[in-house]
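Q: Sequence:
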Amino acid sequence: MKGFVCLKANECLLAGEEFCGLARNAPIASSYKPNLEEGERLECYVQHILLCWDEWRALKRRIMGPVSRAVSSVLQLSKGEVMRELDRLLDLMVLNHDIGKLTRVYQNYCLCDDLRTFRHEHVSSYFVSRLLKYSHSPPLPTLRSLICSAIYLHHEALVTSWRSPDLTWLRVPTADYLLAHMLRFSRDDLEFIPYAYEIVDELNWCVTNVRIRRDILSGPLDVRDIVRELSEMVSFIDGPASAPEMRLASASILLPLTFVDNRAGARGRGR
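Numbering (this note's numbering), first residue to last: 1 to 271.
In case anyone wonders, no lab produced these hints; they're calculated from the structure.
Think of the CB as a built atom: it goes at the ideal place given N, C-alpha and C, for glycine as much as any other residue.
There's no promise every hint is true.
Under the rule of at most 25 Å between Cα atoms (straight-line distance), these lysine to any residue pairs were calculated in the SDA-like manner [stated by the list, open to error]:
id, residue 1, residue 2
1, Lys133, Trp53
2, Lys133, His120
3, Lys8, Arg88
Label-pair restraints from in silico Cβ distances [as the list claims (entries may be wrong)]:
id, residue 1, residue 2, range
4, Ser78, Arg184, 42 to 52 Å
5, Lys133, Leu13, 39 to 49 Å
6, Gly16, Gly39, 24 to 34 Å
Work the whole structure out from these sequences, hints included.
A: This is the structure in structure tokens:
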């Protein structure tokens, strides 16, 4: 495994803060669990988000038109109105799509102290849903569901839920699966690590001048609340008569998120 190298040390506005790992030569909050066999290096959560932001800025102008067309097809709004709303919502999505990595269970997994696989995108989707719902300018429920479904699904193709010697099944994001997965974790597991709020708030403020309400990240998360929220979101996307258009709109948001996340991940891991 390669050592800790901060690719953003000279430009990170959060460098030198209490939650910066430069002084100790190791991340305070890790972005992922390095693959020792592939020689991956340690990566700071903040670095990964800033690399995602770099990729998003390079892609945003080219992708906004197609995404706005797909989303406006399921809303009673013009493409221009949708584009203005998506401009801020997609920025917020990119900056917060991995917030679930700041839970104790995920950080323990990165340190090899906990071998349970944890779907950080479940918590990320739930967090962003709450963030949008209680913001000063909450978006339409349809838009909120589209944004959060993209976050929930951004690792979908990488995950299997059950394996046998003969078969491997890709999981379907149903309420049953959510409940079975999330019930393995306690309220303590789902607590955010120290400095989680400061990391999230400072990232959002430094990049987009948006402050995050502290109560959004305060206290342990309730598994059943997460399952209920995400189940309603998935049902909203899959359930109505306009489901094909809803899925297309969700996919149009999911594609750029997956693209920037994968590109940033490859840079941060040293691939």
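Q: Could you run down the list of hints and mark each one as holding or not?
A: For each hint, the structure was consulted:
1. Lys133 with Trp53: With a Cα-Cα distance of about 23 Å, the restraint between Lys133 and Trp53 holds, given a limit of 25 Å.
2. Lys133 with His120: Holds, because 20 Å separates the two Cα atoms, which is no more than 25 Å.
3. Lys8 with Arg88: holds (24 Å)
4. Ser78 with Arg184: 42 to 52 Å: Given range 42 to 52 Å: holds, Cβ gap about 45 Å.
5. Lys133 with Leu13: 39 to 49 Å: Check failed, 28 Å falls outside 39 to 49 Å.
6. Gly16 with Gly39: 24 to 34 Å: holds (29 Å)
Going down the numbered hints, you'll see the structure goes against just number 5.
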